Amino acid sequence: MTEKVCIIGGATTPFDYGPTGFESIEGGAAECVKETMQDVPGFSLRDLDLIIYSHFSVHFGHQLAPEWIIHDHLGLVGLPHFRVENGGNTGGSALYAAALAVMSGHHDVVGIAGWETMDSVAQSQGSEFIAMASDIRYELMVGGIYPIYYAAMANKWMKENHVTEEDVARIAVKNKNNAMENPKAQWYRNEHKYITIDDVMNSRLISYPIKKYDCCLMSRGVAFLVVCSEKYAKKVNPDGYVTVDGMGLSSCTIRAGDRLNNPGWTERYGPGYPGMTEFAACRNSAEQAYKMAGITNPLKEIDFGEIHDAFSTSEAQIYKALGLADKQSIAQFLRDERTSMHGDIPMNPGGGLLGYGHPVGATGLMSIIECYYQLAGMIPKKHLNKKTVVPDAACGIVNSHAGTGTSISNFIIRRK
Amino acid sequence: MTQDIQMKKDTKHTKKKFADEPVFTIKKEYRPKDVRETGLAFVGHEISEDKSVMNQFLHYDQLYTIRHGLNSRFFIGLLDGKIMGTRCPKCGDAWVPVRTHCWNLDCTLSVTEWIEMPLLATVHTWTIAGWSGRSSLKRLPIVLVYAIVKGSKVAIANELHGVKPWDVEFEMPLKIVFKPKEERIGAVTDFHFEPADTWKPSPWNKEKERIKELVDPVYEWVKTLK
Ligand SMILES: [Zn+2]
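Protein sequences, first through last, are from chains Y and W. When we follow the working numbering, the leftmost residue of the first sequence carries the number 59, and every step to the right adds one. When we follow the working numbering, the leftmost residue of the second sequence carries the number 8, and every step to the right adds one.
If you're looking for bench data, these hints aren't it; they were derived computationally from the structure. Keep in mind it's a predicted model, so treat the numbers as computed, not measured. Hints may be right or wrong, so weigh each one.
Label pairs and their computed distance ranges (CB to CB) [to be verified]:
no. : chain 1 : residue 1 : chain 2 : residue 2 : range
1   : Y       : Thr254    : W       : Val50     : 38 to 46 Å
2   : W       : Arg38     : Y       : Tyr252    : 29 to 37 Å
3   : W       : Ile73     : Y       : Arg326    : 28 to 36 Å
4   : Y       : Arg326    : W       : Glu178    : 24 to 32 Å
5   : W       : Gln69     : Y       : Asp450    : 49 to 57 Å
6   : W       : Gln69     : Y       : Gln386    : 21 to 29 Å
7   : W       : Phe31     : Y       : Pro138    : 27 to 35 Å
8   : W       : His66     : Y       : Trp126    : 41 to 49 Å
Under the rule of at most 20 Å between Cα atoms (straight-line distance), these lysine-lysine pairs were calculated in the PhoX-like manner [stated by the list, open to error]:
no. : chain 1 : residue 1 : chain 2 : residue 2
9   : Y       : Lys62     : Y       : Lys474
10  : Y       : Lys217    : W       : Lys230
11  : Y       : Lys214    : W       : Lys89
12  : W       : Lys219    : Y       : Lys217
13  : W       : Lys233    : W       : Lys219
14  : Y       : Lys270    : W       : Lys40
15  : W       : Lys219    : Y       : Lys214
16  : Y       : Lys217    : W       : Lys213
17  : Y       : Lys214    : W       : Lys230
18  : W       : Lys89     : W       : Lys171
19  : W       : Lys145    : W       : Lys89
20  : Y       : Lys214    : Y       : Lys385
21  : W       : Lys171    : W       : Lys233
22  : W       : Lys40     : W       : Lys233
23  : W       : Lys233    : W       : Lys145
24  : W       : Lys186    : Y       : Lys214
25  : Y       : Lys270    : W       : Lys219
By construction, the Cβ of each residue, glycine as well, lies at the ideal position given by its N, Cα and C atoms.
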């Protein structure tokens, strides 16, 4: 018998870049904990029996083991702690670890604190640091940064699925405009404008078919989240907790080119899959999460999602990997705007990485927190208005995604 | 030199080691003059007008040694103008980039054998970069392809030269071209792809026009870089 895993609250700092993002990491973490305590007065740091830190790259932080600074600052001496690092899926992997800890019954109340400070280095230097999470022996100096790898994968995927630049531009428009209702979102705080498909189409080339507005933002940001047993959730937040009913974590190659003919995938899904176009680790982890949560028709049974839109193209690829559409239906699925706020399965009401921002170690946590707010009915309180409320949201999906699809987790979270 | 190797042999059985220590006889250095390890240093700061926020500038510069170990023959091969692949003696799968042990779990990590690959490849997918990391900006726009070296099960990324960006296409046949020997450094940048001699670009179309529209400003922008 395993324990049910619940989330009772969490918060992020505003996500930002450069001069306006001035919080120290430990100060930011403290502010996130305080906001959580305001939302859930019954919660105390004393209740934690484990804390997991979620942080991607010490290259950005000019400090090894920076989690020790945060931990110390929060006054948590004696509490067990460790750090999880799994590229862009660091936040999702931290939730996976926390959920395992609670499920096992060994821990009751687990905190997760995540952050990244990508504005510590110049933006082009930052791109090169992120590229160091590719196989640097083969990919770093051949003009390679992450948007280029994603563009090469997306270009072929779009052709094979008859998806156009305009189709994916809708996703960029949706997420950046959703972020305009969210005061913590980087797009709201900096660029601060509603955009159109034309704006995306006319933005500068990053790597064909990806333009500037198809790309997420580099960010500074911190997030905090409380994962716990149902017994504790009922005690401190009986009307506002959610349950993690399904979870899955899967992996794929670091070099996207090694996905061709890979025996590990051929064994699971037959020859020819995933090629360089499909996110097999997303499909695989979604299948695990759906099975655990008893979901057989995701499009019908899931109300909304907070998913890893590092690029508008990858959000479209993720829809397919999540089983929301197939090769025949995906282009129309995009054109019908099924995932916008007026669609039947809104995706990234919080703005996603394209709008809210992408401070890697905090990103997955941000997605979980936005999903939690949505299910707990807290969006009107946390966003500027009700435009980004998903009516009667009872079941959400959270997706966290690393590398070129190298590690991906999916979670099914339900209102209690 | 030979004396060193002789000494190694003599001491070989005195200590139990995982492997013999290599004797490095070829050593080259080509770092730019301004690149050096200066260690950690605070090099400046800034303080906000109301004296509430401070930023401090820390500089460090680190030389890494990439020890290629069992993969070394691939990188040494590049210096010789060769693409070295590996092949599993059990299942016959072959790869560039190389694997020193087979990826097929049924082959129980069997050690692969080195093979010289033909300098021929096919485009699997492609993109045209209009932005990149700091060290690559002046070379933009870059046509980057994932190509399958003939005989390989997987694709390898590299630049495609000798083609207008809008003319690159899926499945196009390529040849592998190396830099002149004296310019090679034993890294994947020692080679690039070029269209095979038989290849001709396809006629002008809408997508090519769109790509040109996106790429033209990149050419202009690069001209403004110092
Ligand atoms: Zn084999």
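Results of checking the hints against the structure:
1. Thr254(Y) x Val50(W): 38 to 46 Å: 44 Å, holds
2. Arg38(W) x Tyr252(Y): 29 to 37 Å: Check failed, 49 Å falls outside 29 to 37 Å.
3. Ile73(W) x Arg326(Y): 28 to 36 Å: Distance hint for Ile73(W), Arg326(Y) holds at roughly 33 Å.
4. Arg326(Y) x Glu178(W): 24 to 32 Å: Because 27 Å falls inside the window, the suggested range holds.
5. Gln69(W) x Asp450(Y): 49 to 57 Å: At roughly 54 Å between Cβ atoms, Asp450(Y) and Gln69(W) fall inside 49 to 57 Å, so the hint holds.
6. Gln69(W) x Gln386(Y): 21 to 29 Å: 51 Å, violated
7. Phe31(W) x Pro138(Y): 27 to 35 Å: 45 Å, violated
8. His66(W) x Trp126(Y): 41 to 49 Å: 23 Å, violated
9. Lys62(Y) x Lys474(Y): 11 Å, holds
10. Lys217(Y) x Lys230(W): 32 Å, violated
11. Lys214(Y) x Lys89(W): 29 Å, violated
12. Lys219(W) x Lys217(Y): Measuring from Cα to Cα gives roughly 18 Å; hence the hint holds.
13. Lys233(W) x Lys219(W): This hinted pair is violated, its Cα atoms lying about 24 Å apart.
14. Lys270(Y) x Lys40(W): 35 Å, violated
15. Lys219(W) x Lys214(Y): Given pair Lys219(W), Lys214(Y) holds - Cα atoms ~19 Å apart, limit 20 Å.
16. Lys217(Y) x Lys213(W): Holds, at about 14 Å.
17. Lys214(Y) x Lys230(W): Violated - the C-alpha atoms of Lys230(W) and Lys214(Y) are around 30 Å apart, more than 20 Å.
18. Lys89(W) x Lys171(W): Measuring from Cα to Cα gives roughly 26 Å; hence the hint is violated.
19. Lys145(W) x Lys89(W): 28 Å, violated
20. Lys214(Y) x Lys385(Y): Satisfied, since the Cα-Cα distance of roughly 13 Å is no more than 20 Å.
21. Lys171(W) x Lys233(W): At roughly 24 Å apart (the allowed maximum being 20 Å), Lys233(W) and Lys171(W) break the hint.
22. Lys40(W) x Lys233(W): 19 Å, holds
23. Lys233(W) x Lys145(W): It holds: about 9 Å lies between the C-alpha atoms, which stays within 20 Å.
24. Lys186(W) x Lys214(Y): 29 Å, violated
25. Lys270(Y) x Lys219(W): Distance of about 17 Å is within 20 Å: holds.
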